[in-house]
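Numbering-wise, full-length UniProt numbering puts 229 at position 229 of the sequence shown, and it's gapless, one number per residue.
Bear in mind the hints are in silico, worked out from the structure with no lab data behind them.
Possibly wrong hints are sitting among the right ones.
25 Å max Cα-Cα, derived DSS-like pairs, lysine-lysine [claimed, not checked]:
#, residue 1, residue 2
1, Lys100, Lys88
2, Lys24, Lys47
3, Lys47, Lys16
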Amino acid sequence: MEVLMAKRANLVFHNKVIDGTAIKRLISRLIDHFGMAYTSQILDQVKTLGFQQATATSISLGIDDLLTIPSKGWLVQNAEQQSLILEKHYHYGNVHAVEKLRQSIEIWYERINVRSTRTNDRFTYSKQLREGLSLTEYIISCYGARKGVVDTVVRTSDAGYLMCRLIEVVQHIVVRRTDCGTTRGISVSPRNGMMSERISIQTLIGRVLADNIYMGLQCIAIRNQDIGIRLANRFITF
1 MEVLMAKRAN
11 LVFHNKVIDG
21 TAIKRLISRL
31 IDHFGMAYTS
41 QILDQVKTLG
51 FQQATATSIS
61 LGIDDLLTIP
71 SKGWLVQNAE
81 QQSLILEKHY
91 HYGNVHAVEK
101 LRQSIEIWYE
111 RINVRSTRTN
121 DRFTYSKQLR
131 EGLSLTEYII
141 SCYGARKGVV
151 DTVVRTSDAG
161 YLMCRLIEVV
171 QHIVVRRTDC
181 GTTRGISVSP
191 RNGMMSERIS
201 IQTLIGRVLA
211 DNIYMGLQCI
221 AIRNQDIGIR
231 LANRFITF
């Protein structure tokens, strides 16, 4: 059944690593062809498969796996010399403040990408934890970790309070049937051959039709059908 549906939808078999953008496009295509209900089942299977493979792989990373490039020393010196020269040009008025800022950002980006540089408003260092840090460098590097711990402690009480409120509201909601059979919905009608400006494709995608849609005598969509991107585009030009 699934093979026949995939062939009918003309889906491509992916045997490669895909990023977040490709996943979004794939999910949109699944919703367009199969609807929200069937797509949710597919995503649950993909999630389960991902956890199983991640558990079976058992990838571990140690500090010995973090390598330092041999050219780090002269790259750091070169970047520091560029920063010093830029400061001198700015001091003598040869470089505008905006140009100095732009070049400084480029230098810092280069250093961060190569050496994991940690910076502060008044202090900068280019060492890694594997190479060893001085007391001052270690205190500065711990700023983010200490801030995270403090934020966790402060917001734990707020999260608990909001969770209690959510449970208090949800426990009064009981789902007895998947389709209540209501005929109420949002009415959308075309204006001058086009949908109203406040109705966009993103507004229609993911919703469920409350009634059958006819184009002349032909029924193009039935009640309780999920609206995908193809059907939404058809409604826009209806």
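We went through each hint and held it up to the structure:
no., hint, verdict
1, Lys100 x Lys88, "holds (10 Å)"
2, Lys24 x Lys47, "holds (14 Å)"
3, Lys47 x Lys16, "holds (17 Å)"
Hint check: no violations occur; every hint is consistent with the structure.
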